[in-house]
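Student: Take a look at the letters that make up each chain.
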Amino acid sequence: DGGITQSPKYLFRKEGQNVTLSCEQNLNHDAMYWYRQDPGQGLRLIYYSQIVNDFQKGDIAEGYSVSREKKESFPLTVTSAQKNPTAFYLCASSRTTNSPLHFGNGTRLTVT
Amino acid sequence: RKEVEQDPGPFNVPEGATVAFNCTYSNSASQSFFWYRQDCRKEPKLLMSVYSSGNEDGRFTAQLNRASQYISLLIRDSKLSDSATYLCVVNLGGSNFNKFYFGSGTKLNVKP
Chain A
9 DGGITQSPKY LFRKEGQNVT LSCEQNLNHD AMYWYRQDPG QGLRLIYYSQ IVNDFQKGDI
69 AEGYSVSREK KESFPLTVTS AQKNPTAFYL CASSRTTNSP LHFGNGTRLT VT
Chain B
31 RKEVEQDPGP FNVPEGATVA FNCTYSNSAS QSFFWYRQDC RKEPKLLMSV YSSGNEDGRF
91 TAQLNRASQY ISLLIRDSKL SDSATYLCVV NLGGSNFNKF YFGSGTKLNV KP
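Protein chains in written order, with our numbering: chain A, 9 to 120; chain B, 31 to 142.
Among these hints, one or two may not hold up.
[Said to hold, decoys possible] Restraint ranges, calculated between C-beta atoms of paired labels, are given here: (1) G46/B x R21/A: 33 to 39 Å; (2) R31/B x N26/A: 46 to 52 Å; (3) K72/B x N26/A: 24 to 30 Å; (4) P83/A x R89/B: 21 to 27 Å; (5) R116/A x A97/B: 39 to 45 Å; (6) N26/A x G88/B: 27 to 33 Å; (7) G46/B x P83/A: 45 to 51 Å.
If you're looking for bench data, these hints aren't it; they were derived computationally from the structure. Note that the coordinates shown come from a computational prediction; the quantities given were computed from them, not determined experimentally. Cβ atoms here follow ideal geometry from the backbone N, Cα and C, with glycine treated the same way.
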């Protein structure tokens, strides 16, 4: 079955360390996204990519970085510059026009 | 003003009840509309797309009112397993296909 795989499911890090969250999809979707969800809040866009080797900042990109070297993969690095990194991170993909988002199962990051 | 607004609830209903959620959106250029279901500490999953003429999937009916800029979700014969948070999602489409806006979700509790 096609889908999106995020790993790991849970991640614990000390403050000041960079950490990379993995996202792989086999849906052959061109567009991929990273969202952050905090308790009681809607999803907020961190970065998105419409095509390999191209990506754009979303609404809350500060303290994050991404790469898109392959169509299937869109890893997210949470850097030490991100002030409040503890959150639920969701990777998603979509075809282009008028199609819904498909989400991975998420990574819950805790930074202490 | 938020792009997408939903009543956060919770809606507490008995099994077998009919319950309706509304969602309003601010951008009249929005082209695609979706309802997602999110269980506690899990990723959002697509429940149904919302079409201009309204559409039904089993016990679920979605409607779109472009003039008043709202979408609705009706759940008939509620089951315990329907307990979840329901997210309203709006997409601008066209060249802005990557612009998805999320409501904060409406929590539904179905009780025996």
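Student: Evaluate the given range 33 to 39 Å for the C-beta pair formed by G46/B and R21/A.
Tutor: Since the Cβ atoms of G46/B and R21/A sit about 46 Å apart, the hinted range of 33 to 39 Å is violated.
Student: For R116/A and A97/B, compare the CB-CB distance with the range 39 to 45 Å and indicate the outcome.
Tutor: 41 Å Cβ-Cβ, so the 39 to 45 Å window holds.
Student: Between the beta carbons of P83/A and R89/B, is the distance compatible with 21 to 27 Å?
Tutor: Given a distance of about 39 Å, which is not inside 21 to 27 Å, the answer is violated.
Student: Please check whether N26/A and G88/B have a Cβ separation lying inside 27 to 33 Å.
Tutor: Roughly 46 Å apart at Cβ, these two residues miss the hinted range, so it is violated.
Student: Okay, G46/B versus P83/A on CB: inside 45 to 51 Å?
Tutor: Holds - the Cβ-Cβ distance for G46/B and P83/A, about 46 Å, lies within 45 to 51 Å.
Student: Range hint 24 to 30 Å: satisfied by the CB atoms of K72/B and N26/A?
Tutor: 27 Å, holds
Student: Just tell me: holds or violated, for the beta carbon distance of R31/B and N26/A against 46 to 52 Å?
Tutor: 36 Å, violated
Violation of the numbered hints given earlier is confined to hints 1, 2, 4 and 6; the remaining hints are satisfied by the structure.
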